[in-house]
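K.L.:
Based on the sequences and whatever the hints tell you, model everything.
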Amino acid sequence: MTNHQTSRRRFLAGAGAAGTAALLSGCVTSTSSGKSSSEGSVTLQSNLSAPQAKAAMQDVVAAYAKKGSGKASLNTVAAETFRTQLPTYLTSANPPDVYTWYPGSVADAYAKKDLLLDLGEVWSSPDLKGYSKALNSLCTSAAGKKVFVPTTYYWWGMFYRKSNFAKWGVSEPKSWDDFLDLCDKLKSKGIDPIGLGAGGNTAWVASAWFDYLDIRINGADYHRELLAGKHRFDDPEVRKVFDRWQELLPYFDPNGTAVAFQDATTSLLSGRSGMMLIGTFFADAAPKDALDDIDFFRFPVIDPKVPLAEEAPTDGYFASARTGRHDQVVDLMRYLATAEAQEIYIKGSSGTVLPCNPDAKDAGTALVKKGRAHIEQAAEITQFFNRDSSDALQPTADNALTKFIAKPKQIGSILTDWQRDAAKIWNA
Amino acid sequence: MPDTAVLTAPDREAPAPPPPRGRRNRGPRRTPPLVLAFVLVPLLAEALWVFWPALQGFYLALTSWDGVSAPTFVGLDNFREMAHDDVFLDATGHTVLWLLLFGGLSAVLGLAAALVLQQERRGVGFYRAALFLPVVFSLVATALVWQAIYQPDGVLNQLLESVGLGNLRHAWLADQDTALYAVMVPALWRQIGYVMVLYVAGLKGIDPALYEAAKVDGAGAWQRLRHVTLPQLRSVNAVVLSVIVIDSLRSFDVVWSLTRGGPYHSSELLSTYMYSTAFQSLRLGYGSALAVVIFVLAFGVICSYLVRAFREAD
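Chains H and W, in that order, are what the protein sequence lines are.
Going left to right, the first sequence walks through residues 1 to 428 as the UniProt record's numbering numbers them.
Going left to right, the second sequence walks through residues 1 to 314 as the UniProt record's numbering numbers them.
Just so you know, these hints were derived from the structure itself, not from any lab.
Do not take every clue at face value.
As the list claims (entries may be wrong) - Okay, the calculated bits of chain W under chain H, using three or more residues with CB under 8 Å as the criterion:
hint: 1; region: 64-78
hint: 2; region: 108-122
Unchecked claim - Only some residues are given here: those of chain W computed to face chain H with a beta carbon under 8 Å:
hint: 3; residue: Ala-148
hint: 4; residue: Gln-151
hint: 5; residue: Ala-171
hint: 6; residue: Leu-173
hint: 7; residue: Ala-174
hint: 8; residue: Ser-276
hint: 9; residue: Phe-279
hint: 10; residue: Gln-280
hint: 11; residue: Ser-281
hint: 12; residue: Leu-282
hint: 13; residue: Arg-283
What the hints assert, rightly or not - Below, a list of computed lysine to any residue pairs in the SDA-like style, where the Cα atoms sit at most 20 Å apart:
hint: 14; chain 1: H; residue 1: Lys-424; chain 2: W; residue 2: Gly-67
hint: 15; chain 1: H; residue 1: Lys-424; chain 2: W; residue 2: Ser-64
hint: 16; chain 1: H; residue 1: Lys-54; chain 2: H; residue 2: Leu-354
hint: 17; chain 1: H; residue 1: Lys-112; chain 2: W; residue 2: Ser-69
hint: 18; chain 1: H; residue 1: Lys-113; chain 2: H; residue 2: Tyr-89
hint: 19; chain 1: H; residue 1: Lys-112; chain 2: W; residue 2: Arg-121
hint: 20; chain 1: W; residue 1: Lys-204; chain 2: W; residue 2: Ala-221
hint: 21; chain 1: H; residue 1: Lys-113; chain 2: W; residue 2: Pro-71
hint: 22; chain 1: H; residue 1: Lys-424; chain 2: W; residue 2: Val-216
hint: 23; chain 1: H; residue 1: Lys-347; chain 2: H; residue 2: His-326
hint: 24; chain 1: H; residue 1: Lys-185; chain 2: H; residue 2: Ser-171
hint: 25; chain 1: H; residue 1: Lys-409; chain 2: W; residue 2: Gln-176
hint: 26; chain 1: H; residue 1: Lys-424; chain 2: W; residue 2: Gln-176
hint: 27; chain 1: H; residue 1: Lys-113; chain 2: W; residue 2: Phe-279
hint: 28; chain 1: H; residue 1: Lys-424; chain 2: W; residue 2: Gln-280
hint: 29; chain 1: H; residue 1: Lys-424; chain 2: W; residue 2: Leu-89
hint: 30; chain 1: H; residue 1: Lys-424; chain 2: W; residue 2: Phe-73
hint: 31; chain 1: H; residue 1: Lys-424; chain 2: W; residue 2: Val-87
hint: 32; chain 1: H; residue 1: Lys-67; chain 2: H; residue 2: Glu-80
hint: 33; chain 1: H; residue 1: Lys-424; chain 2: W; residue 2: Ala-221
Backbone N, C-alpha and C fix where the C-beta goes; we use that ideal spot for every residue, glycine too.
P.N.:
In structure tokens:
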């Protein structure tokens with residue numbers, strides 16, 4: 001009995017001690033204020049979770065490891081989770097080192113809070129010296145520090161299937177009136193002229209319509225100022241955007257706000273809808289054999305006096321200011337900026353993006369050549385709603401725009417509510 | 001000396017503790033350190049990971065915070081804003097509706113399922129297992145399946161079409177009139193099996209002699225249900241109600257996976273509004289204030305219920 005008690009007591013004491021030790025170690029981990037370890041590979045947190053894009057990222061990381069100067073471990077996180085977790089990653093005591101993300105106002109918001117690593121050293125490398133002036137300023141924070149390394153960019157346009165347009169006997173429109181005619185023709189054939197894909201978890205796709213109508217009607221400068229809080233969403237200029245959009249609403253897929261863009265893409269490829277305003281990223285989820293059949297045209301000009309602007313979001317990387325692997329991060333970033341790394345990514349993905357490095361070759365397809373020319377002809381480049389404003393403002397747009405599509409007559413109160421919701425974000 | 005000793009001894013023993021105290025005295029007076037550790041260590045863990053963050057949440061409710069910069073103290077501004085926030089008022093209304101509909105239906109349907117499936121017949125195990133199966137699936141996976149069912153070309157619309165009710169076709173999750181109810185169905189689908197199991201256990205505990213006696217007294221099926229089954233299930237009802245209230249107020253995953261509170265806040269619950277305000281709009285101060293409201297609501301409902309339950313028990 002005594003023996004039994006002793007052994008039980010011993011066991012309990014041991015368990016208690018183990019528990020305490022575990023607790024203490026937990027405390028230590030949870031309160032560690034140090035930087036991430038300076039050993040081991042650089043952690044690269046990626047939001048590129050579409051199968052082709054993810055595989056391409058794995059190729060890039062493998063090629064970097066082969067070079068021998070360092071190693072990176074890729075951690076792919078679903079895009080939506082990544083977006084909501086990003087502030088937590090960057091403010092945590094032991095953050096991942098390098099992140100896929102966006103330059104411009106989105107990166108600058110974090111740079112202002114001293115969360116981003118100064119990448120001046122990376123920008124002094126020969127590869128980045130050749131980058132365009134526009135890219136230079138896009139990657140520079142308001143305080144004048146380089147905080148971002150851009151690697152690829154892509155364009156938005158009205159995408160369609162060449163074989164379907166040929167089958168229906170229609171062609172690319174040149175003007176706004178042509179565009180309305182095209183919609184009429186498609187509708188008369190029983191096809192939904194315009195696919196949307198703002199349902200499910202991709203309500204943000206509707207913002208592309210707002211962006212394009214605004215940059216065509218009020219111009220890119222007004223658009224950027226509006227998104228920065230210098231104008232109001234209930235201004236008459238914004239109202240004009242919705243008046244024009246109302247003309248088009250009858251041509252939209254009635255399920256536009258019920259299905260996600262991936263499903264809308266399927267409808268486009270199978271010929272149930274005629275065309276879609278979308279970025280080239282949709283091709284990462286499209287079957288490879290359909291890629292050669294995809295084409296696009298420029299979002300029609302509405303007012304020829306307004307300088308031509310296009311949405312061409314740039315992607316790339318920034319790093320945490322709290323990284324403990326400064327030198328390794330700089331080495332990896334330099335590699336990501338090389339023509340070699342960007343070509344590996346383009347080869348592995350759907351190949352519809354354009355490299356930022358002027359020496360890197362794009363996929364060379366007719367679609368990509370047309371895309372490059374499309375952007376080069378633009379007088380102004382915008383990024384996208386959330387990239388020109390902030391991720392926090394995006395839900396206000398999602399709400400206002402899906403409501404407008406469902407209840408266009410309530411536009412007055414929708415814009416008042418939008419302004420009120422946006423003001424809360426701007427004033428926060 | 002011996003005399004005095006004899007006299008004094010009882011005197012000293014007179015105030016001696018009565019048996020229960022004596023027993024206590026024989027045992028260790030102080031709690032052994034090990035036992036103390038077993039109480040204090042979990043308490044410390046709980047304090048560190050539950051109480052402290054909860055208290056911080058209360059403090060954050062009084063601040064304006066973007067999650068990155070330092071929070072600034074704004075007093076009761078967040079709560080004042082709530083009074084004029086239409087979305088908050090809508091979300092509160094939806095939460096109450098959810099509590100009544102989801103809670104009420106899962107209790108009624110769970111009890112009905114239990115009554116039907118309580119008797120040991122051939123194949124009853126299969127039906128019980130089938131009804132309980134949704135409880136096993138993760139709600140996010142459940143939501144994905146239901147998303148496919150509700151799609152514009154999904155099973156539900158195809159079914160309606162095939163039985164000649166094509167005019168009822170709907171974008172169920174994208175229509176503000178149907179979204180909340182469409183989201184409630186998968187939540188109910190999952191909850192009913194769980195409630196059923198609780199009730200089946202309760203029904204098994206009822207003495208069959210009571211039914212025999214009721215039968216002898218000439219009670220019909222309905223009377224037996226009303227006067228024997230339901231009163232006997234009182235203790236199970238307490239468990240079911242607590243489970244339902246707690247599950248209703250913490251309903252989040254199924255709504256978030258299916259509609260994210262949309263379209264335009266029509267299926268917004270307080271829990272989804274709190275999440276989107278805090279982690280999407282990055283207004284963590286206001287989000288914390290919403291969390292405080294949810295806490296007060298949950299605490300209020302559960303406390304008032306427990307007080308009533310205890311009073312009845314007395």
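K.L.:
Quick check on Ser-276(W) please, does its C-beta sit within 8 Å of some C-beta on chain H?
P.N.:
6 Å, holds
K.L.:
Hint check: Lys-424(H) vs Val-87(W), CA-CA at most 20 Å. Holds or violated?
P.N.:
13 Å, holds
K.L.:
Run the distance test for Lys-424(H) versus Gly-67(W): straight-line Cα separation, threshold 20 Å.
P.N.:
Judged against 20 Å, a Cα distance of about 15 Å means the pair holds.
K.L.:
Checking one constraint from the list: CA of Lys-113(H) to CA of Phe-279(W), max 20 Å. Satisfied?
P.N.:
18 Å, holds
K.L.:
Close enough to count: is the Cβ of Ala-148(W) nearer than 8 Å to one in chain H?
P.N.:
10 Å, violated
K.L.:
With a cut-off of 8 Å, does the beta carbon of Ser-281(W) approach a beta carbon of chain H closely enough for the hint to hold?
P.N.:
This hint holds: Ser-281(W) lies near chain H, its Cβ roughly 5 Å from the closest one there, short of 8 Å.
K.L.:
Does Lys-113(H) pair with Tyr-89(H) here, judged by a C-alpha cut-off of 20 Å?
P.N.:
Cα-Cα ~14 Å, so holds.
K.L.:
Mind checking the CB of Ala-171(W) against every CB in chain H and telling me if the closest is under 8 Å?
P.N.:
4 Å, holds
K.L.:
Go through the hint on Leu-282(W) and say holds or violated, using the shortest Cβ distance to chain H against 8 Å.
P.N.:
5 Å, holds
K.L.:
Has the given pair, Lys-424(H) with Phe-73(W), been kept, meaning a C-alpha gap of at most 20 Å?
P.N.:
Holds, at about 16 Å.
K.L.:
For the pair supplied as a hint, Lys-409(H) and Gln-176(W), is the alpha-carbon distance within the 20 Å limit?
P.N.:
16 Å, holds
K.L.:
If you draw a straight line from the CA of Lys-424(H) to the CA of Gln-280(W), is it 20 Å or shorter?
P.N.:
Within the cut-off at roughly 13 Å; holds.
The structure shown violates the earlier hints numbered 2, 3, 19, 22, 23, 26, 32 and 33.
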